[in-house]
Amino acid sequence: MTVLKVEELCKRYQKRGEYAVENISFCCEEGEIVGLVGHNGAGKSTTVKCLEGMLPFDRGRVEICGFDLKKQPLAAKKNFGFVTDDHAAFVRMTGRGYLSFLGDIYGVPTRERRRRYEELEQVFFLGRAIDNLISSYSHGMRQKICMMGSLLHRPKLWVLDEPMTGLDPFTVRAVKQYMRSYAGEGHAVLFSSHDLPAVAALCDRAVLLKKGRQVDTLPLKSYGKEGEKVLEERYFDEN
Amino acid sequence: MKIRLFFALFWKEVEERFRGAGIFALLVRALLLGGLAAAFIWFYMKFAAVYLEIGEREERLFELSALSVMLLLALMTLGAATALVRSVRLAGDLRLYSALPVPHSVLLFAKLCVLWLGRFFLGLFALTVFGVALRVRWEGIVFAAFALPFTAMGLGALLAFPVHALLRFFRGKFLLSFLAGTALFATGLFLYSYLLGGVKELLLGGDLKYFFGEKVLGGIALAARFAYPANLFARLFFGANVGLMSLLGGVALACIPLSLLLARGLLRGALSPKPLNEPRFPASDRAKPKFFALLSKEFVNIFRTPAYVFSYFSVAVVMPLMVYFCMSVGGSLLLRLLGVDCSFELAVFLTLLYSALTNVFCATNVSREGRMFCVLKGMPVRAGQVFAAKVLFCMLVVTVSLLLSSAALYFAGYLPLFSALLVFFLGLMFSFAQVCFATDYDFSHARFPSEADGEVGEGDGFSLLFLGVSLLVGGGLLAVKLVRVLRFGNFPALYSALFAGGICALAALFSALLLFLRLNQRYDAFAGGNV
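If you're matching them up, the sequences are chains A and B in order.
If you read the first sequence in the numbering used here, its first letter stands for residue 1, the second for the next number, and so on.
If you read the second sequence in the numbering used here, its first letter stands for residue 1, the second for the next number, and so on.
You may find that some hints are simply not true.
[Claimed, not checked] Taking lysine-lysine and the DSS-like style, the derived pairs with C-alpha atoms no more than 25 Å apart in a straight line are:
no.: 1; chain 1: A; residue 1: K70; chain 2: A; residue 2: K15
no.: 2; chain 1: A; residue 1: K225; chain 2: A; residue 2: K176
no.: 3; chain 1: B; residue 1: K288; chain 2: A; residue 2: K156
no.: 4; chain 1: B; residue 1: K288; chain 2: A; residue 2: K78
no.: 5; chain 1: B; residue 1: K290; chain 2: A; residue 2: K78
[Unchecked claim] Covered, in the sense of this in silico footprint (three residues per stretch, anywhere, with C-beta under 8 Å from a C-beta of chain A), are these stretches of chain B:
no.: 6; segment: 287 to 293
no.: 7; segment: 514 to 528
[As the list claims (entries may be wrong)] The calculated label-pair distances, taken between Cβ atoms and stated as ranges, are:
no.: 8; chain 1: B; residue 1: W138; chain 2: A; residue 2: H139; range: 56 to 64 Å
no.: 9; chain 1: B; residue 1: L421; chain 2: A; residue 2: Q72; range: 44 to 52 Å
no.: 10; chain 1: A; residue 1: S136; chain 2: B; residue 2: L96; range: 18 to 26 Å
no.: 11; chain 1: A; residue 1: R111; chain 2: B; residue 2: F169; range: 37 to 45 Å
These aren't lab readings, by the way, just hints derived from the structure by calculation.
Computed from a prediction, not measured in an experiment: that's the story for all the values here.
We put the CB at the ideal spot given by N, CA and C, even for glycine.
Work the whole structure out from these sequences, hints included.
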C-alpha cells in the first residue's frame, strides 16, 4: 500500500518569485524508508513542510494513506507524525505535559499513551527530565521529546527533517534501529538528511534534489553494499 | 582599538533598546511618554504651588525638595538595580560575547554607560521640573543631574545582588510569582488611588491644605531631615556650598568604582553559570478532549512566562481596582463640579477604557506561539478549534475581570444591580470585539520570536487603537450625557444603554465575522511569522 504519494509538488515563497521546489514527485510504500537528499537550499525542508501541511503549496498533490492533504486535511494529518528541523515544541510545557498534549490532539487513550511512553523511553532515555520544562532541555533533548511526540500515536508515516543533527552517538544508533524496526512493522519513514552514509545505510530509496528540482530517485536497496558509493557519486555529480 | 570597540558595543546596546520598533511605534511611544511627562509636570507644579503656601515657605521648600530628590533617587536606584541584573546578568547576548574576543572590562563599561545615560536623562527631566516649580538655584540642579545617576548606579549595584537572588527564588515558582506580582501591583494601585484623591482635591480647589495638619507636617519634616543624601542635595538647591558639593561629588565619584566592581561580579557569574537544579512539574497524562487540551495549552504558555503572567493575568485581576478607584474619584468630582450624576455613563466609560488597556494579551494570540503555531497546522486540528480556544481563553480572563469590576461597582453602591449587570455585558461585548479583532490582526501580521523561548510584546499601536475606540464610545457617551443634562435637564439612562449596547454589539459582530469568516482557507494558506 502507498502511504505517501507526492505528485508534481510546486511551491514558491513569493507570488512572482522562483519556485523553491518544482515538480517533485515520489512515494513511500508500507515498510519503506525514503531519504530526501540535497545540498543546502535544495528544497528538502520546503518539501517536508509542504507535505506536513505547515506550508501551503501552489500546485501538485499530496496524498497520505489515500487522503488528499488539501481536501481531507484532518484525515491525512492523523496518519503521519513529524519532527521539524528546529525541534519546535511548546517550551513552557514539561516533556510529559507536551506528550500528553499531543496525545490529546491525536486522540490517544490514557492507557495507550502510557504504554507507548514506556516503549519510547527505552529508545530515547529522557529519564527524570520528562518532568522538567522543555525550555530547560538541551538541543538533543528537545530533538528527543519531539521524536517521542511524533510517534505517540503510532502514525502510518513518520516524517523527519534532519533527524540526526544534535543527537549523541548512542541516540543516533537507537534512532536508526528504531527507524528500521518501525518500517519493519509496516509503517513508512521519510527523512531529509545531509548524512549520505546514514541515508545509504537506512533507506530503500533516496530522492535527490538540486535547486528545488528532483534530479534522481535512487533505488538504494537494489544496489546492496554499493549503495553508499552510488549515492555519493550521484550526489557529487549533481552538486 | 579599545575605544572603537567600546563605541561599537555602546551603539549596539543603544540600538537594542529600540530594535524592532518601527517609526509608528516610536512615535506612539514618544506620544505616550510626552503625555505622561505633561501630566507629571502639571501635577507637580500644581501640588508645589499649594504645598508651598502652607505655613513657613522656606521649610516647605526644603522638605519638598528633599523628598522629591529622595523619591527620584529611590526610583533611579531601583531602576538601576533591575537594569543591571537584566543587562549584565541575564542578557541573552552575554553567551555570544563570552565566545568573542571582547574584553570584559570594555563590555561592562559600555553597558554601564548606557545605563548611566538612561538615569541621567530621567534625572535631568525630573530635576528640571523641580527647578522650575520650586524656583531653586540652577547650579544645584545641574550638579545633582550629574551626581545623582552615579550615586543611584552605586546603590543600584549593591541592590542588584538581592534583586537577582529574589529572581532566582521565584524562578519556576509560577503561582507564587503571580500572587506576589499581583499583590505588588495592587498595592501600587492602592497608593495611586491616593494620588488620584490628591488630583481630585487639587481640581476642586485647595482642599489639599487641610490634609497637611500639624501632625502630617511634623512627619514630613522628620522624614526630610533624615532623607540622606537627598536632603544634602536639597541644601545645594538653596545656596552654593563648596564643602557640601565636594562631599556629594566625592560620594558620587566613589560610586563609580563601586558599581564597576559589583557589576563585574554580576558579569562573572553570568559568564560562568553554575548548573541549576531544574524544577520539576509532574503533569497529569490523562486523556482530555482536544478542545480542552488547546485551552490548557493557552493557559500553560502564559502562566509559565513571568512577563506574560504579569502583564496579562495580574493586570486583569487588578483591573476592577482601577475601575473602582477612578469611579470613586470621578463620580464625586463630576457631581461636585457640574452637579450631574452620571454614574452609569462613567462606569461604562471606565469599564471600556480599562478593558481596552488590560486586554492587550489578545494582541499576541498567534505570535506568542512562535513556530509552534505552524507545527500545530500539521496536526489534525480544525482552524476553528484553534482560534475558538484562543478567543475563549481570553474571554475567560476578561469575564472574571469584568465580573469583579461590576461587583465592586454594585457593592460599593455606585450602581444598582441592573446597571451593574448592564455594564458587565457591555464590557463583555466590547472585550469580545477587541479579542477577535486583535487575534485576526495578529494572524494576518504574525511576528514570531526568533528563539523558541523568546517572548513577543504587544504593539503600542494596538493598545492605542482600542484606547481610542473606548475613549470614543465611553467618553462620547459621557460627553453626550453631560451636555444633554446641562442643556435640557435630562437624559434617560436607557438611551445611554442603547447607544453603548448598539455600538458594542456591532463591534462584536463585525470582529467575530472578521476572524471566523473564511478562517479555514486563511489557516491553510498561512505562511507568515517568518516560518
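56 to 64 Å was suggested as the range; check whether the CB atoms of W138(B) and H139(A) agree with it.
Since the Cβ atoms of W138(B) and H139(A) sit about 58 Å apart, the hinted range of 56 to 64 Å holds.
Is K288(B) close enough to K78(A), meaning Cα to Cα at most 25 Å?
17 Å, holds
Between K290(B) and K78(A), is the straight-line Cα distance small enough, at 25 Å or below?
Holds. K290(B) to K78(A) sits at ~13 Å (cutoff 25 Å).
Below or equal to 25 Å on CA atoms is what counts here, so check K288(B) against K156(A).
OK: K288(B) and K156(A) at ~23 Å, within 25 Å.
Could you grab the alpha-carbon distance between K225(A) and K176(A) and see if it respects the 25 Å cut-off?
Holds, at about 18 Å.
37 to 45 Å as the expected CB spacing between F169(B) and R111(A), which holds or is violated:
This hint holds: roughly 39 Å between Cβ atoms.
Given coverage of the segment 287 to 293 of chain B by chain A, checked by CB-CB distance under 8 Å (3 or more):
Three-residue rule met by the segment 287 to 293 of chain B, so holds; n is 6.
Quick check: does the Cβ-Cβ distance between S136(A) and L96(B) fall within 18 to 26 Å?
Taking Cβ atoms as reference, S136(A) and L96(B) lie about 20 Å apart, which means the hint holds.
Does the structure keep K70(A) and K15(A) at a Cα separation of 25 Å or less?
20 Å, holds
Measuring from beta carbon to beta carbon, are L421(B) and Q72(A) in 44 to 52 Å?
46 Å, holds
How about the segment 514 to 528 of chain B: do at least three of its residues have a C-beta closer than 8 Å to a C-beta of chain A?
Our answer is that it holds, as 4 residues pass the Cβ test (under 8 Å) against chain A, meeting three.
In this structure, every one of the numbered hints holds.
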